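*Asks:* Work out the full structure: start from the sequences and follow the hints.
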Amino acid sequence: MQLYWIYALGFFAQSLFGARLVVQLFYSEKQGRVVSPTIFWQLSLLASFLFLIYGIIRDDVVIIIGQTLSYFIYIRNLQLKNDWTKIPLVLRAVLLLLPVAAFTYIIAGSDNKLDQIFSKNDFTNPIIFAGAIGQLMLNLRFVYQWYYSEKHKTSILPLGFWVISTGASVLILTYATYRIDPVLLVAQSMGIVVYVRNIFIHFKSKAKAAI
Numbered sequence: 000m001q002l003y004w005i006y007a008l009g010f011f012a013q014s015l016f017g018a019r020l021v022v023q024l025f026y027s028e029k030q031g032r033v034v035s036p037t038i039f040w041q042l043s044l045l046a047s048f049l050f051l052i053y054g055i056i057r058d059d060v061v062i063i064i065g066q067t068l069s070y071f072i073y074i075r076n077l078q079l080k081n082d083w084t085k086i087p088l089v090l091r092a093v094l095l096l097l098p099v100a101a102f103t104y105i106i107a108g109s110d111n112k113l114d115q116i117f118s119k120n121d122f123t124n125p126i127i128f129a130g131a132i133g134q135l136m137l138n139l140r141f142v143y144q145w146y147y148s149e150k151h152k153t154s155i156l157p158l159g160f161w162v163i164s165t166g167a168s169v170l171i172l173t174y175a176t177y178r179i180d181p182v183l184l185v186a187q188s189m190g191i192v193v194y195v196r197n198i199f200i201h202f203k204s205k206a207k208a209a210i
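According to numbering that gives the first Met the number 0, the residues represented by the sequence shown are 0 to 210, in order.
Please note that a few of the clues may not be correct.
[Said to hold, decoys possible] Mimicking DSSO-like on lysine-lysine, the simulated pairs with C-alpha atoms at most 27 Å apart in a straight line are:
{"#": "1", "residue 1": "K150", "residue 2": "K80"}
{"#": "2", "residue 1": "K85", "residue 2": "K203"}
{"#": "3", "residue 1": "K29", "residue 2": "K207"}
{"#": "4", "residue 1": "K152", "residue 2": "K205"}
{"#": "5", "residue 1": "K205", "residue 2": "K150"}
{"#": "6", "residue 1": "K80", "residue 2": "K203"}
{"#": "7", "residue 1": "K207", "residue 2": "K85"}
{"#": "8", "residue 1": "K203", "residue 2": "K29"}
{"#": "9", "residue 1": "K85", "residue 2": "K150"}
{"#": "10", "residue 1": "K152", "residue 2": "K207"}
{"#": "11", "residue 1": "K29", "residue 2": "K205"}
{"#": "12", "residue 1": "K152", "residue 2": "K80"}
{"#": "13", "residue 1": "K29", "residue 2": "K80"}
{"#": "14", "residue 1": "K203", "residue 2": "K150"}
{"#": "15", "residue 1": "K203", "residue 2": "K152"}
{"#": "16", "residue 1": "K207", "residue 2": "K150"}
{"#": "17", "residue 1": "K29", "residue 2": "K85"}
{"#": "18", "residue 1": "K85", "residue 2": "K152"}
[As the list claims (entries may be wrong)] Label pairs and their calculated CB-CB ranges:
{"#": "19", "residue 1": "S204", "residue 2": "N138", "range": "26 to 34 Å"}
{"#": "20", "residue 1": "I56", "residue 2": "V89", "range": "20 to 28 Å"}
{"#": "21", "residue 1": "A208", "residue 2": "I127", "range": "41 to 49 Å"}
{"#": "22", "residue 1": "V192", "residue 2": "V99", "range": "17 to 25 Å"}
{"#": "23", "residue 1": "G31", "residue 2": "S188", "range": "24 to 32 Å"}
{"#": "24", "residue 1": "Y3", "residue 2": "I179", "range": "29 to 37 Å"}
{"#": "25", "residue 1": "S188", "residue 2": "Y6", "range": "17 to 25 Å"}
{"#": "26", "residue 1": "L95", "residue 2": "N138", "range": "18 to 26 Å"}
{"#": "27", "residue 1": "V195", "residue 2": "N138", "range": "18 to 26 Å"}
{"#": "28", "residue 1": "H151", "residue 2": "L8", "range": "34 to 42 Å"}
{"#": "29", "residue 1": "A18", "residue 2": "V89", "range": "23 to 31 Å"}
{"#": "30", "residue 1": "V99", "residue 2": "K203", "range": "37 to 45 Å"}
{"#": "31", "residue 1": "L158", "residue 2": "A100", "range": "33 to 41 Å"}
{"#": "32", "residue 1": "S14", "residue 2": "L68", "range": "17 to 25 Å"}
Don't read these hints as lab results, they were simulated from the structure. Note that the structure is predicted; figures quoted are calculated from it, not measured. Positions of the beta carbon are idealized from the N, C-alpha and C atoms, including for glycine.
*Replies:* So, in structure tokens, the structure goes:
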């Protein structure tokens with residue numbers, strides 16, 4: 000029974016990641032341009048917080064490492080939108096301490112945990128390698144978004160973010176089909192629709208602005 004609750008936590012976190020895309024697309028459709036609403040980053044941070052806990056419980060180094068990078072970028076975007084300080088101080092402290100605790104867990108309790116990444120996955124298989132690249136791209140897209148936002152001194156979801164997301168989604172869908180993973184298939188199938196739609200909205204708004 001306990002295992003079901005752990006899985007429920009993971010699925011709930013993933014549902015929040017999906018919800019942020021739906022909300023972001025709703026706001027973009029409403030305004031006729033690609034926007035970066037505060038709730039997108041709030042949902043991202045909450046989902047990442049819960050998924051980090053899931054990763055710690057599941058002893059999953061891949062999840063912990065993968066989530067931590069984007070985790071701090073979510074916080075930075077809230078800072079750029081002047082919404083980070085609106086979160087109660089105690090909650091901010093908890094949010095900042097979790098990834099530190101996660102990495103302490105990896106280092107202090109390390110039984111060659113980093114080796115698990117390679118021992119559990121055959122990266123010589125081109126489809127598995129493609130899936131790993133896709134996951135890496137999903138994290139690096141936020142590094143690109145962060146760089147772009149810092150450059151413009153405001154939180155932005157630029158065209159490149161959606162292009163990278165689309166490419167990553169194609170790779171992960173290929174991997175998910177190979178592994179017959181319904182969770183990844185559903186999540187990425189929904190995601191790629193949102194990514195492509197944002198690309199369309201971007202060019203549509205640019206065309207309107209040029210008239």
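*Asks:* A separate judgement is required for each hint: does it hold in the structure or not?
*Replies:* Hints versus structure:
1. Between K150 and K80 the alpha-carbon distance is near 14 Å, which keeps this suggested pair within the 27 Å criterion.
2. Simply put, K85 and K203 have alpha-carbon atoms about 34 Å apart, too far for the 27 Å limit, and the pair is violated.
3. For the given pair, K29 sits about 15 Å from K207 by alpha-carbon distance, which is consistent with the 27 Å threshold.
4. Restraint check: the Cα-Cα separation between K152 and K205 comes to about 21 Å, which is no more than 27 Å; the hinted pair holds.
5. At roughly 20 Å between alpha-carbon atoms, K205 and K150 fall within 27 Å of each other, so this suggested pair holds.
6. Distance restraint check for K80 and K203: the Cα-Cα separation of roughly 25 Å lies within the 27 Å cut-off, and the hinted pair is therefore satisfied.
7. At roughly 35 Å between alpha-carbon atoms, K207 and K85 are farther apart than 27 Å, so this suggested pair is violated.
8. At roughly 13 Å between alpha-carbon atoms, K203 and K29 fall within 27 Å of each other, so this suggested pair holds.
9. Among the hinted pairs, K85 with K150 is consistent with the structure: their alpha-carbon atoms are about 24 Å apart, no more than 27 Å.
10. Restraint check: the Cα-Cα separation between K152 and K207 comes to about 25 Å, which is no more than 27 Å; the hinted pair holds.
11. Between K29 and K205 the alpha-carbon distance is near 16 Å, which keeps this suggested pair within the 27 Å criterion.
12. The straight-line distance between the Cα atoms of K152 and K80 is roughly 9 Å, inside the 27 Å bound, and the hint therefore holds.
13. A hinted pair counts as satisfied when its Cα atoms are at most 27 Å apart, and K29 with K80 qualifies at roughly 20 Å.
14. Restraint check for K203 and K150: the C-alpha separation of about 24 Å stays at or below 27 Å, so the hint holds.
15. With a C-alpha separation of about 24 Å, the suggested pair K203 and K152 falls inside the 27 Å cut-off, and the hint holds.
16. Simply put, K207 and K150 have alpha-carbon atoms about 25 Å apart, close enough for the 27 Å limit, and the pair holds.
17. Taking the CA atoms of K29 and K85, the gap is about 26 Å. The hint holds against a cut of 27 Å.
18. The straight-line distance between the Cα atoms of K85 and K152 is roughly 19 Å, inside the 27 Å bound, and the hint therefore holds.
19. Range check, S204 to N138: about 27 Å between beta-carbon atoms, so the 26 to 34 Å window is met.
20. At roughly 23 Å, the beta-carbon separation of I56 and V89 lies within the given 20 to 28 Å, and the hint holds.
21. Evaluation of the 41 to 49 Å hint for A208 and I127 yields a pass: the beta carbon distance comes to about 43 Å.
22. With their beta carbons about 36 Å apart, V192 and V99 fall outside the hinted range of 17 to 25 Å.
23. A hinted range of 24 to 32 Å holds for the C-beta pair G31 and S188, which are about 26 Å apart.
24. At roughly 21 Å, the beta carbons of Y3 and I179 sit outside the given window of 29 to 37 Å.
25. As the Cβ distance of S188 to Y6 is approximately 20 Å, the hint placing it in 17 to 25 Å holds.
26. Checked against the hint of 18 to 26 Å, the C-beta distance between L95 and N138 comes to roughly 19 Å, which is consistent with it.
27. For V195 paired with N138, a C-beta distance near 20 Å keeps the hint of 18 to 26 Å intact.
28. At roughly 36 Å, the beta-carbon separation of H151 and L8 lies within the given 34 to 42 Å, and the hint holds.
29. Between A18 and V89 the beta carbons are some 25 Å apart, a value that agrees with the proposed interval 23 to 31 Å.
30. About 43 Å separates the C-beta atoms of V99 and K203, a value consistent with the hinted range of 37 to 45 Å.
31. Taking the beta carbon of each, L158 and A100 are about 36 Å apart, inside 33 to 41 Å as hinted.
32. Checked against the given bound of 17 to 25 Å, the beta carbons of S14 and L68, roughly 22 Å apart, stay inside it.
Violation of the numbered hints given earlier is confined to hints 2, 7, 22 and 24; the remaining hints are satisfied by the structure.
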